[in-house]
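K.L.:
Listed here are the chains, written in short residue letters.
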Amino acid sequence: MTNSIITGVEAAHLKKDLTPFEVGDTVDVATRIVEGDKERIQVFSGTIIMRKGAGINETFTVRRIVNNEGVERIYPVHSPFIASITVKRSGERRRAKLFYLRDRVGKSVRLTEKRKVKKDEPAAKGEAKPELAGAAS
Amino acid sequence: MTPALLGKKVGMTRIYDPKGRIVPVTVVEAKPNVITQVKTADGKDGYHAVQLGFEECKPRASTFPMIAHAAKAGHAPLRHYAEIRLKDATDKKLGDSVGVSIFDGVKYVDVIGTSKGKGFAGVMKRHHFGGQPASHGTERKHRSPGSIASRATWRGQCGKPKKGVRMAGHMGMDQVTTRNHPLVGVDAVKNLLLIKGALPGPNGSLLFVRKSITAKVRAEE
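Quick mapping for you: the protein sequence lines, in order, are chains A and B.
Everything in the first sequence is counted per the working numbering, starting at 1 for the first residue and increasing by one.
Everything in the second sequence is counted per the working numbering, starting at 138 for the first residue and increasing by one.
No lab work stands behind these hints, which were simulated from the structure alone.
Given the structure is predicted, the values throughout are model-derived calculations rather than measurements.
Glycine included, C-beta positions come from ideal geometry on N, C-alpha and C.
There may be inaccurate statements among the hints.
Unchecked claim - Here are the simulated distance ranges between beta carbons:
#: 1; chain 1: B; residue 1: S272; chain 2: A; residue 2: T86; range: 30 to 36 Å
#: 2; chain 1: A; residue 1: V66; chain 2: B; residue 2: G306; range: 53 to 59 Å
#: 3; chain 1: B; residue 1: I159; chain 2: A; residue 2: S108; range: 32 to 38 Å
#: 4; chain 1: B; residue 1: G334; chain 2: A; residue 2: V87; range: 34 to 40 Å
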């Protein structure tokens, strides 16, 4: 839908070495903060509950509980201020937006960790098998 | 020659500046313009100017006089033309092409275009009137203009509305000039200009871009 000329303009501003991450992942987001002429790095860690938009407009939302208060930060995926994104844990999830976590407190906020797939087997293949079996029965 | 070009609005997007901040930009595609006429002060025109032609078209979309006019510059028929007044004589000749690289080093530009047509619009949309109350007995006239005159508007002369009273009517599709847009980028390979901010008109509309004439002096950001 987007114009090819515009996609060409945006392409130069997209990050090429983007860490792959998904909704449900627990991540450390390191952001560059410039104060005067000094630059330092601040880390915000939490669960990704939403990823939306496409291309240069893509953003993701990280949620964590700080002092019993839910805190959410929205980052543009391709922002140069993001120094690094480190995936700590990948949670199992059945929907694209994890807004139900907002209504939860305590232990129920946690997501069950994704079962690790064998390295030589593609991830999609391993997940597709149980679904097919369910549909047949 | 004063940097100026005809181009087409492609659409808006956003990019990151060297400091990492998001800049909203409008992409303008300005394929090379052709100089179709050069006017000089000592010639019959009496002033310095160049005429730019933009966008090739089929002969059937043009007229015989205009086909011949473009042919004088050694070019196929063109769809759009614009004249740029110059202070001094230019070294550009008939048939020369002018690309986006003419904007190299230019910081601010003015853009002239035609705004989006809104059709017949009411006073709330067209002139930002407040409308009438939602309740307290108001019926079927929530968006109406209210009173436009009184019996004594002209002090007993006639009781007609004054000239220029703002009313409902056709809105948009006007020539609009927006000034002092920072020129964010020039792409000479793809013939693109990246201009900060929104520009008049729908995507695909014709725009006239020129170096800002109200030379705004701003501290370097």
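K.L.:
Does each hint hold? Answer for all of them.
P.N.:
Going through the hints against the structure:
Roughly 57 Å separates the CB atoms of S272/B and T86/A, a value that falls outside the hinted 30 to 36 Å. Between V66/A and G306/B the beta carbon distance is about 56 Å. The supplied range of 53 to 59 Å therefore holds. Checked against the given bound of 32 to 38 Å, the beta carbons of I159/B and S108/A, roughly 36 Å apart, stay inside it. The hinted range of 34 to 40 Å is satisfied by G334/B and V87/A, whose Cβ atoms lie roughly 38 Å apart.
Of the numbered hints given earlier, the model fails hint 1 alone.
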